[in-house]
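Each chain is listed here by its residues.
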Amino acid sequence: MKTILKLALVMTLIFSFSAAYAAEKLNGAGATFPYPVYSAWAFDYNKVTGVQLNYQSIGSGGGVKQITARTVDFGASDEPLKPEALAKEKLLQFPAVIGGVVPVANLGNVKPGQLKLDSASLCKIFLGDIKYWDDAQLVKMNQGLKLPHSEITVVYRSDGSGTTAIFTEYLNGVCPAWKDKVGAGKAVKFPVGIGGKGNEGVANYVKRTANSIGYVEFAYAKQNKLDHTQLKNAAGNFVEPSFESFEDAAETGDFNPQKSFYLWLTNAPGKGSWPIAGATFILLAKEKTDSNKHVVKFFDWAFKNGDNKAKELVYVPLPKSLKDKIRGYWKANGLQ
Amino acid sequence: MPITFNKKNPVDLIFSFLTAVASFTVIFLIIGIIYVLISESSLAIERFGVIKFLTSTDWNPVKESFGALTNIYGTVITTFLSLIFAIPVAIGIAIFVTEISPSFLKGPVGVAIELLAAIPSIIYGMWGLFTLSPIMSRYVEPFLKKATDGIPLIGILFQGMPMGIDILTASVILSIMIIPFTASIARDSFNLTPAVVKESAYAIGATKWEVVKNVVIPYSKLGVFGGIVLSLGRALGETMAVAFVLGNNHRITTSLLDAAATITVTLANEFAEADNDVYLSSLFYLALVLFVMSFITLAIAKFFLLKAERKYSR
Amino acid sequence: MTREQQRKIEGKIALTFSTLAAFLGLFWLVFILGDVLVHGIKALNLSLFLNDPTPPGTEGGGLRNAFIGQLLITLCATLIGVPVGVLGGTFLAEYARGRMIARIISILADIMVSVPSIVIGTFVYAALVIPIGHFNGWAGAVALSVIMIPVVLRTTEDMLSLVPWTLREAAFALGAPYYKVITQVVYRGAATGILTGILLSIARVAGETAPLLFTSFNNSFFSLNMNQPIASLTVTIFQYAMGPYDNWHEQAWAAAFVITIFILLLTIAGRLIIKWRYR
Chain E
18 MKTILKLALV
28 MTLIFSFSAA
38 YAAEKLNGAG
48 ATFPYPVYSA
58 WAFDYNKVTG
68 VQLNYQSIGS
78 GGGVKQITAR
88 TVDFGASDEP
98 LKPEALAKEK
108 LLQFPAVIGG
118 VVPVANLGNV
128 KPGQLKLDSA
138 SLCKIFLGDI
148 KYWDDAQLVK
158 MNQGLKLPHS
168 EITVVYRSDG
178 SGTTAIFTEY
188 LNGVCPAWKD
198 KVGAGKAVKF
208 PVGIGGKGNE
218 GVANYVKRTA
228 NSIGYVEFAY
238 AKQNKLDHTQ
248 LKNAAGNFVE
258 PSFESFEDAA
268 ETGDFNPQKS
278 FYLWLTNAPG
288 KGSWPIAGAT
298 FILLAKEKTD
308 SNKHVVKFFD
318 WAFKNGDNKA
328 KELVYVPLPK
338 SLKDKIRGYW
348 KANGLQ
Chain F
80 MPITFNKKNP
90 VDLIFSFLTA
100 VASFTVIFLI
110 IGIIYVLISE
120 SSLAIERFGV
130 IKFLTSTDWN
140 PVKESFGALT
150 NIYGTVITTF
160 LSLIFAIPVA
170 IGIAIFVTEI
180 SPSFLKGPVG
190 VAIELLAAIP
200 SIIYGMWGLF
210 TLSPIMSRYV
220 EPFLKKATDG
230 IPLIGILFQG
240 MPMGIDILTA
250 SVILSIMIIP
260 FTASIARDSF
270 NLTPAVVKES
280 AYAIGATKWE
290 VVKNVVIPYS
300 KLGVFGGIVL
310 SLGRALGETM
320 AVAFVLGNNH
330 RITTSLLDAA
340 ATITVTLANE
350 FAEADNDVYL
360 SSLFYLALVL
370 FVMSFITLAI
380 AKFFLLKAER
390 KYSR
Chain U
399 MTREQQRKIE
409 GKIALTFSTL
419 AAFLGLFWLV
429 FILGDVLVHG
439 IKALNLSLFL
449 NDPTPPGTEG
459 GGLRNAFIGQ
469 LLITLCATLI
479 GVPVGVLGGT
489 FLAEYARGRM
499 IARIISILAD
509 IMVSVPSIVI
519 GTFVYAALVI
529 PIGHFNGWAG
539 AVALSVIMIP
549 VVLRTTEDML
559 SLVPWTLREA
569 AFALGAPYYK
579 VITQVVYRGA
589 ATGILTGILL
599 SIARVAGETA
609 PLLFTSFNNS
619 FFSLNMNQPI
629 ASLTVTIFQY
639 AMGPYDNWHE
649 QAWAAAFVIT
659 IFILLLTIAG
669 RLIIKWRYR
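Residue numbers (the working numbering), protein chains in the order written: chain E, 18 to 353; chain F, 80 to 393; chain U, 399 to 677.
Just so you know, these hints were derived from the structure itself, not from any lab.
In this text the structure is predicted, and so the values were computed from the model without any measurement.
None of the hints are false.
Here are the simulated lysine to aspartate or glutamate pairs, EDC-like style, with alpha carbons at most 20 Å apart: (1) E/K206 to F/E143; (2) E/K305 to E/D317; (3) E/K105 to F/D356; (4) E/K328 to U/E457; (5) U/K673 to F/D267; (6) E/K198 to E/D146; (7) F/K277 to F/E388; (8) E/K42 to E/D317; (9) E/K337 to E/E261; (10) U/K410 to F/E289; (11) U/K406 to F/E278; (12) U/K578 to F/D91; (13) F/K225 to E/E168; (14) E/K64 to E/D324; (15) F/K381 to U/D508; (16) E/K340 to E/D271; (17) E/K314 to E/D324.
Modelling step: build the complete structure from the supplied sequences, incorporating the hints.
As structure tokens, then:
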């Protein structure tokens, strides 16, 4: 009898807590690319408004899947969905922030930004055609650096990743052999290497595996003190990833609200553009009008107040003109 | 013996009904699991059929072409290797605990082995990533690579970069996990050998080792074998211990120093993000394959264990 | 060398290997536990229990939400799994003893015990997450209870079968209805065995990660709401250990330490109860 009473008490407590703690909650999931900036924004937003925006970085593939299944309030994907796909799943899409995908290498004696790569060599490394760090092509570009005679360990994303989508979109554009053998997309069949889960996993593996090379969003490279490389861009200049080179790439972008902002920023033509830049997108389910309004409120706040935080983490906040276009899109779709 | 109770007593009726419902949930759950697995994978089964899916090495979400072979290969290789590493150690432990150790040690050693079994698999995985993998990549794997360089068959097993994130490390972790399981079943089987048979062997002058080798082990063959198959089933279904150090590369490789993929790790990594129907359905198809594999393993194990039981109760 | 000496040496070598094997097993145990201990204690501090996670790069984060979430999920799983398991085992050992249905359910329970926990996770995802429309803590608790039920059921069935039939007959002879015989006589007799089974099954599910990955998902905020995604220690350890941030790794070790100690204590308690009772 006593145990039954105790049980009943426990259950009532549990349920009452559930009811009491119905602080406003929003659930989002998706790209690991913007996770550092989204979680920073959500943290600050919570301090200001008390709303708990729970963002789980499970990869762009996960973001698309979960919003399509309507198991979350918003999805996040670095790979923009085409208007036809959006119409089919009844989704809305808009960009939130811009960043850059950066090759990172773990070569003991090489400092960040020292190693130079161009599109051909990057492509061949990831195809497995260049197997050793002291390959002739790499040595030619990097006179003055002592590259070891070690096998290159390639690290890629094992999960459905928008970062992979941006990276492979770039390779597709500059390397016919890649387009032929592998193709572009969130989850491609990488010919060689080991797979890490999320930007976090790739960064982790590169960090602990000597002579490895992987690709991550720049915030991850910075936060984890990984050695990024330089890349030769479309204009023929070697650039380092930075706020300026990302912004340069972003400026060339013509985002069109009519096409639901579908756009790739890879291989941007600018003189100082970083060749693997990309925007990251938010996906909303059309019919969830109530939660959509709250999600939009969050991003509106982030557009107004989150620029400095984004810059701190080396993301490029959207240019004002684009933010206005997005606000127009929201109004047109009844979200604001 | 058939139980009869007063069917007119309402409390008895209710209580018996409650217990019956409770036990029937097992039936419903099993049926539910099988039903869900089959219905969710029906799309993939239609698209790829059975033989083609099981023998295709494709795992291409972009081109929407899926095959289970790479995952099955990874599962089978890691499980097989882990058994090879674990069985000698487990049998050794069982021999030690039953025959060699002084009685004051039997309890503590037994408890220690059970504690090994109680450690959650994610701890194994984490420890594997942070501690074992660097040791493997810095010392063990380069040594193995150099030692087998040039030896025709075995040399192939150790090609490639010793990264520590590969089949070999995953198998070692898995083997540590199943040692306690196999050891305790082996120990129980060894203990079932009737003392009288052992004593007769001692009486004609056998050494301790000869008693173990020629009396205890043959006697408990069936039980030990059943235990090994049970451990195989456990290793098949392990996810977290392997997820950290396997490397997630869908391919068939001959080198143990390469990354691979198992069914469980693929499910863990890709389930939440399969963004098209065929992809998700193929993942459920994989889960179905794994379910069938562990079911068959369990059936085989049960067969041997039941045979052993029957033999001993004669 | 005489044949006898040969046999003796052979024996000594073989037995030495066995002893070495036992020590190898012990070595792994000490190595792993020691590692968890050393790294875990280093990172253990009060803020781990009192604070919620902060965004990567910000100091001062803790795992309060994960600890509470893990407790909540495990508690709910136990509340669901234990009654069903115990009652089910009672049915098999009492009302249906000797009948075909008891054999069938027993075998089905054994099958369920060997279903990989990740497959159970996929099942609960299809059964509970999709219909409800979002990840939720209840799905996680149900997934864990699906793992618990067959274990508790079989242990209860075995323990109840051990109680001598004469005990029941004596109670019947006094005129007790069957349910009273079960609750007041048989349960009491098998109490320690059932309790051990329960403790061990809790120890088993408290460390499970795979079934929670796509049911209760994860939550970076503190929450007691089981209708929404909720943080759990095991999934958080997975996330943090696979991540690149050093302070995430430290927190993962500390969390691993806490969970391991908890589970080991439960396991030891279970074993001790049996020993104490059947002294």
